[in-house]
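Hey, can you work out the whole structure from these sequences and the hints?
Spelled out, the chains give:
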Amino acid sequence: MNIELILFGAFALLTLLSAGLVIFAKSPISSAMSLVATFFFLAGIYVLLWAHTVAVLQVLVYAGAIMVLFLFVIMLLNLGESTSTGPRLTLSRIAGGAAAAGLLAVLVVAIWRMPERVETFTGAQAVANGFGTLAVIGQTIYTKWLLPFEAVSLLLLVGMVGAVVVAKSRI
Amino acid sequence: MVPISYYLILAAALFCLGMFGVLIRRNALVVFMCVELMLNAANLTFLAFAKQNGDLTGHVSAFFVIAVAAAEASIGLAIVIAVFRSRGTVNIDEIRTMKH
Chain A
4 MNIELILFGA
14 FALLTLLSAG
24 LVIFAKSPIS
34 SAMSLVATFF
44 FLAGIYVLLW
54 AHTVAVLQVL
64 VYAGAIMVLF
74 LFVIMLLNLG
84 ESTSTGPRLT
94 LSRIAGGAAA
104 AGLLAVLVVA
114 IWRMPERVET
124 FTGAQAVANG
134 FGTLAVIGQT
144 IYTKWLLPFE
154 AVSLLLLVGM
164 VGAVVVAKSR
174 I
Chain B
4 MVPISYYLIL
14 AAALFCLGMF
24 GVLIRRNALV
34 VFMCVELMLN
44 AANLTFLAFA
54 KQNGDLTGHV
64 SAFFVIAVAA
74 AEASIGLAIV
84 IAVFRSRGTV
94 NIDEIRTMKH
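Here the protein sequences come in this chain order: A and B. Okay, so the first sequence: first residue is 4 according to my numbering, each after it adds one. Okay, so the second sequence: first residue is 4 according to my numbering, each after it adds one.
These are computed hints drawn from the structure, not numbers from a lab. Don't take each hint at face value.
To be verified - If you want the footprint, here are the derived chain A segments under chain B, 3+ residues with CB under 8 Å: (1) 27-41; (2) 60-69; (3) 99-112; (4) 130-137; (5) 156-165.
Claimed, not checked - Chain B regions said to be covered by chain A (calculated; three or more residues, Cβ under 8 Å): (6) 26-35; (7) 41-47; (8) 66-75; (9) 82-91.
By construction, the Cβ of each residue, glycine as well, lies at the ideal position given by its N, Cα and C atoms.
As structure tokens, this is what we get:
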């Protein structure tokens, strides 16, 4: 039992627990707070995957910016407890649960039957390559992925202008 | 060393939880949050395969997914505000104008 496996197990368990709380929480505020916790635990798993930069982006952009936007909108709309989240078993819930369980079963079987590959990429090699560091990822983005990067910046501008246009009652 | 399939199974479970939430919750904001869960499951898969192959393309894809999710959240929440202003509700059962 090595430390990596223990950390993975703890983070995975906490991620699934808080993701379940997002779905089953009564009020949207507690859903949002559980989602923040989910993002933090996922960032821990990303660090285990040698993705330090993505983990930092996860905390800054997801847990920071996007969730603040969500909380702001929830409080702006002043939504109280949602009334329709009792423990009733409606037809749509049973169908939704069956669909999700079916998809999970298919995915797990597919992953199980995936051809086993010997992992040659070890930690020492990753450290030598600077794998997952901001410098190396930045170099990749600005050389191989420059056009998609610029397209994303345009997309964010369009999203910003569009949000103002849609949410404003009269311009 | 944790096998790559553990990460993939965690991502599959997270994706199915998000899908379950989208299917059963009726509050538009919570549905959006569940979509974010599904996007994160996709990111986790990208990063797991990036580690397996020692290739940075997965990291770049995760970066783009995060940027697109930010744009999606801003537009989606603006639409929710606009709908709430005209209908007074965010319950997606009561918003059925586009249902034939």
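Cross-check of the supplied hints:
{"no.": "1", "hint": "27-41", "in the structure": "holds (count 5)"}
{"no.": "2", "hint": "60-69", "in the structure": "holds (count 6)"}
{"no.": "3", "hint": "99-112", "in the structure": "holds (count 9)"}
{"no.": "4", "hint": "130-137", "in the structure": "holds (count 3)"}
{"no.": "5", "hint": "156-165", "in the structure": "holds (count 6)"}
{"no.": "6", "hint": "26-35", "in the structure": "holds (count 8)"}
{"no.": "7", "hint": "41-47", "in the structure": "holds (count 3)"}
{"no.": "8", "hint": "66-75", "in the structure": "holds (count 9)"}
{"no.": "9", "hint": "82-91", "in the structure": "holds (count 6)"}
Comparing the model with each numbered hint stated earlier shows that all of them hold.
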